[in-house]
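Got chain A; can you put chain B on it based on the hints?
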Amino acid sequence: MIEKYIKKFKGFNLIINHSQETDEEVHLKNNSIDHLNSLDKEEFLITAYSKKGIGYLRSNFINESIIRKAIKLSKINADLKYFHGLPPNERTQNQKFYDSRLLDLTIEDLHKISLQILKNRKENISEGLLSKEVVKRRVVNSEGLDKEDTKAYFSYSLDYVNKTTNFSDYGSYSYYPNLLSEIKKNENSLKFYSQRKIKANSKYVVFNLKTLNELMSHAFLDNFSYENIEKNQSLFNFKTKYRFKTKFDLINDGSLKKGYLSSNFDFEGVRKTRSYLVKNGQVNSFFFNYNAAKHYGFKPAGNAYYSSVMPNDLIIKSKKFEPENYILIEEITGAHTANSMTSEFSILVNKARLVSKNGEKPLKPFMINSSMVKLFNNLLGSFGKENMDLNLISKNQVFSGINLIY
Amino acid sequence: MDDFERDLVKQIMDSVNKIGKKHNLDFYSALIDNESSETVMATKDKISAKSYFFQGIGIRVLYKKKQGYVFTQKTDKKSLQAAFEKAIKVAKFNTKTEIWQGKPIKREYLYKNNNPDLETKTKRIKETIKVIPDRKKEKVDIENNFRQTISRRGFVSSEGRWIYQEIPYSSFGSKVVLLEKRKELGIAKVGKQKGFEIEKVFDDKVIKAYKVAKKLQNAIIPKGGSFNVITDGVLTSVLIHEALGHASESDLVHQQDSCLKGKLNQRLSDKEITVYDDPTKKHAWGSYYFDDEGIKGRRVAILKKGILNEFLNNRYTAKIFNTKPNGHGRSQDASFLPLVRMSNTYIKKGDFGFKEMLESVKNGYYLKGSLGGQVNTLEGDFVFNSYYGYEIKNGKLGRPVKNVSLSSNILFVLKNLIGIGKRYEEDFPGTCGKGGQGVPVSGDNPKVAIKNVTLGGK
Chain A
1 MIEKYIKKFK GFNLIINHSQ ETDEEVHLKN NSIDHLNSLD KEEFLITAYS
51 KKGIGYLRSN FINESIIRKA IKLSKINADL KYFHGLPPNE RTQNQKFYDS
101 RLLDLTIEDL HKISLQILKN RKENISEGLL SKEVVKRRVV NSEGLDKEDT
151 KAYFSYSLDY VNKTTNFSDY GSYSYYPNLL SEIKKNENSL KFYSQRKIKA
201 NSKYVVFNLK TLNELMSHAF LDNFSYENIE KNQSLFNFKT KYRFKTKFDL
251 INDGSLKKGY LSSNFDFEGV RKTRSYLVKN GQVNSFFFNY NAAKHYGFKP
301 AGNAYYSSVM PNDLIIKSKK FEPENYILIE EITGAHTANS MTSEFSILVN
351 KARLVSKNGE KPLKPFMINS SMVKLFNNLL GSFGKENMDL NLISKNQVFS
401 GINLIY
Chain B
407 MDDFERDLVK QIMDSVNKIG KKHNLDFYSA LIDNESSETV MATKDKISAK
457 SYFFQGIGIR VLYKKKQGYV FTQKTDKKSL QAAFEKAIKV AKFNTKTEIW
507 QGKPIKREYL YKNNNPDLET KTKRIKETIK VIPDRKKEKV DIENNFRQTI
557 SRRGFVSSEG RWIYQEIPYS SFGSKVVLLE KRKELGIAKV GKQKGFEIEK
607 VFDDKVIKAY KVAKKLQNAI IPKGGSFNVI TDGVLTSVLI HEALGHASES
657 DLVHQQDSCL KGKLNQRLSD KEITVYDDPT KKHAWGSYYF DDEGIKGRRV
707 AILKKGILNE FLNNRYTAKI FNTKPNGHGR SQDASFLPLV RMSNTYIKKG
757 DFGFKEMLES VKNGYYLKGS LGGQVNTLEG DFVFNSYYGY EIKNGKLGRP
807 VKNVSLSSNI LFVLKNLIGI GKRYEEDFPG TCGKGGQGVP VSGDNPKVAI
857 KNVTLGGK
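Chains as they are written, first to last, in the numbering used here: chain A, 1 to 406; chain B, 407 to 864.
Isolated chain A, as found in the complex:
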């Protein structure tokens, strides 16, 4: 259907993105099923380029007047500093970046899984959600690009509660995870944090994947956006290759088979590939759309997202370092209050444990005031198995120089 608008508006530089999403959800409350939800969503994103501007329009329907409005926006706007054309129609073979079995998962199946969770639970579940999401996307442009892709996700969130404490867990995957083992782990965590908490310090601090991901997304990754660099709202720039005091790699990769944000192409139809944001501790690349990548002399890695850019899957790699004693941080609050430009954050650590050869002890809540730059400048290395939380893949990264305020 959308290709007819490309033909009708021949002579204009247009990209039309069409997504159709179906979600099935089972909501839990107070150890029972609260309600089931079924959603059908549709959205069109029209991007129109004129000589001096770009017009973006999002709508859940499409017609000629919507396209005209996007073109009108592009003519009012004066935000096109460079234009290197629309992404060409490269011939690439589509891959599946999700487990096909997710497509067959019905709301009845989700209901059965929910009942199984409720039946096997040993602790109170105050709130929870199990969902399946299938997104079909098609991108066409005036250069003849026409691509289609499908992506499926399984997500859950479970909040456990007892008289003294609570423990929340969530996950979103492009495959079906081992839920029962996750649940057992969470119930053990709830029990663990119900014990008497102590005050303790350690030279070494490990953020688990969830908390590290929270800090990365709120306090760090915006610095890699080409738009923020152009607006001087980043610590980095295109000319000087910023160097951290330690050696590590931060990789942006949208082509991982089970990657949460991996798929065949981005919102402009550009194929997702791998790029090193940081290589050996030196800033090496950024998140670009097609035109910005061409303009600044980088290879586009497929990071266009709506009218902006966003990371794909991220991998952190550092040398091996395993301390005997360390503090493992498992739940933080306030990461979203970080200053993403300076990378400064000030958080409350609600759930953390002291890990030593004598065993593990839950810690009283404490605060940390630091910055992501300071953290990575004090990265000692990593240990353990590589795991995935949403779009972050990493081992346990060990940081030093962190002051815990009780």
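Calculated pairs, EDC-like style, for lysine to aspartate or glutamate (alpha carbon to alpha carbon, straight line, at most 20 Å):
1) 629/B to 344/A
2) 688/B to 832/B
3) 147/A to 42/A
4) 483/B to 42/A
5) 470/B to 108/A
6) 802/B to 762/B
7) 75/A to 444/B
8) 629/B to 797/B
9) 51/A to 451/B
10) 258/A to 148/A
11) 456/B to 79/A
12) 75/A to 533/B
13) 96/A to 21/A
14) 239/A to 547/B
15) 299/A to 249/A
16) 495/B to 133/A
17) 518/B to 444/B
18) 52/A to 451/B
Honestly, the hints are just simulated from the structure, not real lab data.
Since the model is a prediction, treat every value here as computed from it, not as a measurement.
Below, chain B without anything else, positioned relative to chain A:
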């Protein structure tokens, strides 16, 4: 365009009613969402406008006392019929539940949109870039955003409720980056349920953002630890929202996830502190006439003279707690079932002047502005981050400070209040997140002084 959209929503409301009545349901309701917005962004060398349109219908059914919810964006009768059938199908899997049901009500709230065209708005935003003149010795970058949304929401239900409301949202935000000495970002914003008339304060906000960035350049990061603090009106808004507001949401109380469970009618503070949540405040960012379950929004005194007085509720929790809903069931949009939410939360002003507060605190910090906050409602621990502030030394303001977050506990704070300011300050429009949904909230609050809160610092 306005009349067209208005008529469209009303047509869908009528279609839903016709189809809903044909099914043998204990209850049905539909929330019809029609939202259009324009955003204009300007920097020194760019001006860009974006447009967004969203429409959707959320259908909720109680079939044999079992609840199902379906969202669709297709508005033809056949699709609406299919949506009802699907809602009944998913309800069949559910366990039994009950919700509060009331009497028929018909209301309509229209907004007369007399806003200028996009070109005029673009021109005005472009002007705001020139508010801070280029100085040779000072490198400044600036980004200003204006967003205007018209929300049209229709609600119909089997109990005969027919509510149509149009609410305008206009917000302006300025980001000023100072590039020399130490790179710092100053932010200032305004958000009202008004139209383009808020442009009168655009220039003031840009200047404020610039002044904040200037202050930050000279600010120090204080040492962490336990201190007495004064929070300005903006920070008080976040404090009371995080510290008391969330724990007073009755769904969390019911889920055993609130530290206020079992404390209704108990004294929580020695001070005569009163806290309201009020969705009826004119032009405030978090206001509405009726909530997203068709219940009239009502001001609720959560805390009355230090005593826990009333929880916020929706149709579901009202039934559980055997009371009437007080109009706090809200959805981000029609694709979500409403949750219990706050609107505009504020502390009733007290009798402390600023000088008196400084003298009472003696040594500590005066903290201003907010980058947001978060709470663990069961344990009552919360954290929020101020934008900047000052040391207080011997009852007087000292050096500027930055990147300071405060952490404490709800019940502790209420017992450790030093005083409440005698003037309401600038309100703080924001988006509150809960259960994956964001809704507009606000609050104009006085300053408060608190003993012994933990500050995150060096």
